[in-house]
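Student: In case you want the letters, here they are:
2 protein chains.
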Amino acid sequence: MVWGHKILLFTAIFKILSYLLYSMNLDCFIKPRSIAVVGASRDPKKMGHIILKHLIESKTKIYPVNPKAKEIEGLRCYSNVTDIPNQLDLVVLVVPAKQTPQAVKDCCKKGVRGIIPIAGGFSETGEKGRGLEEQIKSSIKGKKTRLLGPNTLGVYVPRSNLDTMFLVKERAPRPKEGSLALISQSGATGAALMDYMKFYGLGLAAFIGLGNRADLDESQFVSYFAKDKKTHAIVLYLETFSNGKRFLEVCREVSRQKPIVCLKAGRTERGARAASLHTGALAGKDTVVNGVFKQAGVIRAWDEEELLDYGEVLAFSKPIYGRKIAIVTCGGGVGVISADYLISTVKGVGLELAEFSKATKEELRKVVVPFASVENPVDLTGNATNEMYGKSLEITQKDKGVDGILCLLLSQIPYTDERVVKIVQRVVKHSKKPIVFTTVGGKVVQEWQIKLIRAGIPAYPSTLRAIKAIRVLVDRGDYLRNFA
Amino acid sequence: MVWGHKILLFTAIFKILSYLLYSMNLDCFIKPRSIAVVGASRDPKKMGHIILKHLIESKTKIYPVNPKAKEIEGLRCYSNVTDIPNQLDLVVLVVPAKQTPQAVKDCCKKGVRGIIPIAGGFSETGEKGRGLEEQIKSSIKGKKTRLLGPNTLGVYVPRSNLDTMFLVKERAPRPKEGSLALISQSGATGAALMDYMKFYGLGLAAFIGLGNRADLDESQFVSYFAKDKKTHAIVLYLETFSNGKRFLEVCREVSRQKPIVCLKAGRTERGARAASLHTGALAGKDTVVNGVFKQAGVIRAWDEEELLDYGEVLAFSKPIYGRKIAIVTCGGGVGVISADYLISTVKGVGLELAEFSKATKEELRKVVVPFASVENPVDLTGNATNEMYGKSLEITQKDKGVDGILCLLLSQIPYTDERVVKIVQRVVKHSKKPIVFTTVGGKVVQEWQIKLIRAGIPAYPSTLRAIKAIRVLVDRGDYLRNFA
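Those protein sequence lines, which keep their order, are chains U and H.
For the first sequence, position 456 matches number 455 in numbering that gives the first Met the number 0, and the numbering has no gaps at all.
For the second sequence, position 129 matches number 128 in numbering that gives the first Met the number 0, and the numbering has no gaps at all.
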């Protein structure tokens with residue numbers, strides 16, 4: 000064996016090992032079998048009460064810890080985690096920053112698998128807080144105990160009803176179970192994104208609030224969700240990288256199996272300054288981010304809307320292999336707007352309008368009204384029916400010259416109604432080509448959009464958002480072709 | 000007087016005259032005092048019935064015309080418009096294309112002021128239809144009768160409850176009265192935009208469906224709405240210009256008084272081809288459109304969302320004179336995303352984050368929580384209250400270094416609620432600087448957004464959309480400064 004080969008072999012082994020390592024032992028944060036809440040409270044207004052109540056709703060064994068109480072919410076209370084007789088998978092610390100280092104020590108002594116210190120007041124606040132965070136770091140160093148935070152909302156995992164967030168559900172709605180894993184450095188942004196997801200019916204595999212990343216960071220969780228069968232796409236909100244090199248190495252491995260979308264904020268100098276005031280971490284140069292993301296197969300989102308839009312399309316749909324897109328519409332105008340955006344490289348995504356085969360046009364002609372256009376964009380006109388939508392999508396997806404489809408649904412015309420959702424759903428199910436939907440209008444199309452999303456079909460309320468989503472599917476296809 | 004001066008004078012007189020001319024006599028389409036419906040029908044499914052019913056709801060005198068009926072909906076029916084004893088301001092023709100030329104002739108004979116032929120089947124369908132349209136054109140040539148269409152939804156004017164649209168209200172919701180005039184070459188696009196406006200509480204001054212523009216076109220209506228006191232901004236959806244030179248001359252005059260936003264679709268070759276299939280007109284070169292729009296003070300929108308977003312902000316808000324923007328948020332993350340978008344010239348609008356004066360920072364410090372940031376972006380943190388929002392906007396708008404404000408409202412935090420809308424509304428009312436709102440989240444913030452819009456305050460559900468709206472206010476300020 001020559002040296003070159005040996006080096007390649009060692010590198011490969013090292014990569015696989017480090018990859019395994021980063022995702023090790025994180026089950027305690029996703030599906031713990033026992034949880035203690037240190038700082039559990041009887042006062043309904045306190046975080047220690049709200050979090051306890053949320054955790055009781057999970058089917059996990061819960062241990063409240065509070066030296067001043069004997070029982071909370073019908074559960075026996077302990078003075079310290081070390082007094083709890085059983086093994087603890089997870090401990091949520093709802094004590095002030097000052098008391099957190101000692102509590103972390105106790106947890107390590109007890110051999111707890113995972114800790115989530117909720118409190119703020121650490122490195123994000125200045126010198127004193129940084130000292131407290133260093134104490135935490137040195138306590139867990141070399142231990143098998145892992146820590147998420149501090150200064151974090153913690154986690155929310157719909158499948159196991161695990162919810163460590165102190166935000167009440169009425170104000171901060173939780174999304175249903177689904178296939179998007181959301182990792183956020185910012186708690187408020189995470190909560191706002193989940194609120195959006197709940198409203199639009201977008202399902203969540205798990206939410207991870209990274210907080211100050213004294214121990215665990217984005218890389219470990221990306222690795223974890225890579226192996227999580229319920230997760231189909233991973234979306235991240237980051238203002239800084241905990242360890243940029245490691246993150247990109249992990250993403251390079253993971254992105255071959257699962258799509259990763261990242262909103263890296265703090266990309267301007269002033270934005271980065273705002274981010275450092277907000278999270279206490281310093282952002283790197285943005286100029287390199289685009290390049291390395293591309294290399295590592297990470298799709299970059301530029302705002303909160305793109306982050307979830309891209310996550311949605313990647314979680315729901317197969318990649319598009321090619322650049323030839325068909326448009327099916329009942330409104331000529333939105334068809335033209337879409338065609339412009341699709342084709343243009345100035346304001347647009349630089350793809351192509353597919354040319355239909357003669358057979359496709361003939362088949363389409365049979366199912367549409369006489370004055371409809373069977374050229375691409377297919378314009379079913381204001382006389383479109385639910386069935387015309389179903390049939391024309393059916394015909395279009397079979398055309399070999401079509402790589403993906405944009406379907407524009409309008410509710411203002413007389414002969415379509417909410418049943419169109421079920422009809423197109425059936426086509427999407429067996430379609431050979433990805434289909435992305437746009438619904439333009441008000442209340443009715445918002446309902447259609449939500450129904451489509453609930454059914455696992457990508458749908459957007461604007462032409463541009465749908466077309467950008469299609470472009471992301473094309474980019475994903477291009478990336479995966481490298482490994483085919 | 001030298002020759003040069005004479006030419007200048009003549010040009011000026013010519014411009015003023017042509018400007019007056021283009022908006023003459025269009026009151027009959029906006030506030031007619033008498034309307035006949037030719038092709039009125041007793042069959043509730045027929046257009047001739049739906050339109051008649053819509054028109055009866057206006058307080059106008061209505062005359063159904065149908066040679067086969069004596070009475071429809073309790074109104075005396077006439078055999079022909081020429082039989083109606085009174086003067087007619089408006090006639091809506093709900094007869095097939097073939098019968099339209101004769102009906103138009105009858106209207107001219109009767110001395111009707113305005114005609115709206117609804118039917119399709121004219122130049123958009125080919126040679127035969129083009130012939131019919133030519134007949135219409137020659138009938139009205141030289142007459143004082145003006146014609147809107149054919150192949151059009153007609154008009155919808157909330158203030159006078161004038162509604163010639165054949166789309167039923169349940170499917171195609173009509174917006175409330177307001178300050179946006181919407182002129183659309185495409186009927187379906189117009190209906191979809193109005194549906195959106197209705198849902199988000201955006202008010203309409205009037206909707207004009209241009210159709211095939213056999214007579215009246217966008218230029219005349221832009222001139223008309225320039226003088227309409229209820230209209231604060233004019234938005235247009237066009238695929239082609241009826242007469243590009245005239246449109247730009249009119250816009251150059253009007254845009255000094257009122258903002259004009261135009262979505263010119265069909266800007267790519269394939270898009271234009273789709274547009275010509277759809278409306279039968281040919282699109283010009285797009286390369287020149289950007290330049291001439293800028294010259295004429297027309298703000299260009301690139302999709303249906305931008306069209307209404309820009310119309311909204313321009314109808315509601317004064318221009319921003321300057322480029323220094325303050326951001327007020329309770330979520331650090333969305334503050335950072337916004338700062339990036341605001342500043343960046345790559346993915347962003349290339350404006351500046353304002354630097355606050357010492358006095359502003361000191362005042363802010365008094366009203367926020369200790370760990371809040373009083374630098375720009377102001378981060379009220381998750382402990383923000385309604386009052387903190389009100390007070391910090393109040394303080395920020397007074398700073399001489401601030402030209403405009405972006406305020407980010409999140410509903411997921413514990414101490415804000417829907418009362419924040421009333422509180423910020425009060426500040427906006429007397430604010431020296433325009434304030435644009437972003438609400439990020441789900442159901443609750445959508446309600447806040449709608450409440451703000453109903454109160455005449457620009458509000459958007461994404462950071463990017465709000466920031467693009469701010470950029471449009473800055474562009475408007477830059478443009479108006481040329482005439483100061």
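Fair warning: there could be bad hints in the mix.
Said to hold, decoys possible - Between beta-carbon pairs, the in silico distance windows are:
| # | chain 1 | residue 1 | chain 2 | residue 2 | range |
| --- | --- | --- | --- | --- | --- |
| 1 | U | Lys346 | H | Thr10 | 31 to 39 angstroms |
| 2 | U | Arg480 | H | Lys168 | 45 to 53 angstroms |
| 3 | H | Lys44 | U | Arg480 | 31 to 39 angstroms |
| 4 | U | Asp477 | H | Glu446 | 36 to 44 angstroms |
| 5 | H | Thr286 | U | Gly243 | 38 to 46 angstroms |
Unchecked claim - Below are the DSS-like pairs computed for lysine-lysine, each with C-alpha atoms no more than 27 angstroms apart in a straight line:
| # | chain 1 | residue 1 | chain 2 | residue 2 |
| --- | --- | --- | --- | --- |
| 6 | U | Lys399 | U | Lys431 |
| 7 | H | Lys284 | U | Lys323 |
| 8 | H | Lys67 | H | Lys52 |
| 9 | H | Lys52 | U | Lys346 |
| 10 | H | Lys346 | H | Lys175 |
| 11 | U | Lys346 | U | Lys30 |
| 12 | U | Lys442 | H | Lys44 |
| 13 | H | Lys421 | H | Lys431 |
| 14 | U | Lys442 | U | Lys360 |
| 15 | H | Lys142 | H | Lys30 |
| 16 | H | Lys30 | U | Lys360 |
| 17 | U | Lys168 | H | Lys346 |
| 18 | U | Lys45 | H | Lys365 |
| 19 | H | Lys293 | U | Lys346 |
| 20 | H | Lys60 | U | Lys52 |
| 21 | H | Lys450 | H | Lys197 |
| 22 | U | Lys442 | H | Lys442 |
| 23 | H | Lys104 | U | Lys442 |
| 24 | H | Lys127 | H | Lys60 |
| 25 | H | Lys97 | U | Lys365 |
| 26 | U | Lys108 | U | Lys44 |
| 27 | U | Lys284 | H | Lys346 |
I should point out that these hints are in silico values taken from the structure, not numbers from a laboratory.
Beta carbons: idealized from backbone N, C-alpha and C, even for Gly.
Student: Check the hint pairing H/Lys52 with U/Lys346 against an upper bound of 27 angstroms on the C-alpha distance.
Tutor: 43 angstroms, violated
Student: Hey, H/Lys97 versus U/Lys365, does the alpha-carbon distance stay inside 27 angstroms?
Tutor: 26 angstroms, holds
Student: Quick one, are H/Lys421 and H/Lys431 close enough, alpha carbons at most 27 angstroms?
Tutor: 18 angstroms, holds
Student: Checking one constraint from the list: CA of H/Lys293 to CA of U/Lys346, max 27 angstroms. Satisfied?
Tutor: 17 angstroms, holds
Student: For U/Lys168 and H/Lys346, compute the direct alpha-carbon distance and say whether it is at most 27 angstroms.
Tutor: 35 angstroms, violated
Student: Has the given pair, H/Lys104 with U/Lys442, been kept, meaning a C-alpha gap of at most 27 angstroms?
Tutor: 42 angstroms, violated
Student: Take the C-alpha atoms of H/Lys30 and U/Lys360, compute the straight-line distance between them, and say whether it is at most 27 angstroms.
Tutor: 46 angstroms, violated
Student: H/Lys67 and H/Lys52 were given as a pair; does the straight-line alpha-carbon distance stay at or below 27 angstroms?
Tutor: OK: H/Lys67 and H/Lys52 at ~18 angstroms, within 27 angstroms.
Student: For the pair supplied as a hint, H/Lys450 and H/Lys197, is the alpha-carbon distance within the 27 angstroms limit?
Tutor: Distance ~13 angstroms between H/Lys450 and H/Lys197 Cα, so the pair holds.
Student: Taking 31 to 39 angstroms as the hint, is the beta-carbon distance of U/Lys346 and H/Thr10 inside that range?
Tutor: Since the Cβ atoms of U/Lys346 and H/Thr10 sit about 35 angstroms apart, the hinted range of 31 to 39 angstroms holds.
Student: Are U/Lys442 and U/Lys360 close enough, with their CA atoms no more than 27 angstroms apart?
Tutor: 34 angstroms, violated
Student: Next pair to validate is H/Lys127 with H/Lys60; report whether the Cα-Cα distance is within 27 angstroms.
Tutor: 36 angstroms, violated
Checked against the numbered hints above, the structure breaks hints 3, 9, 10, 11, 14, 16, 17, 20, 23, 24 and 26 and satisfies the rest.
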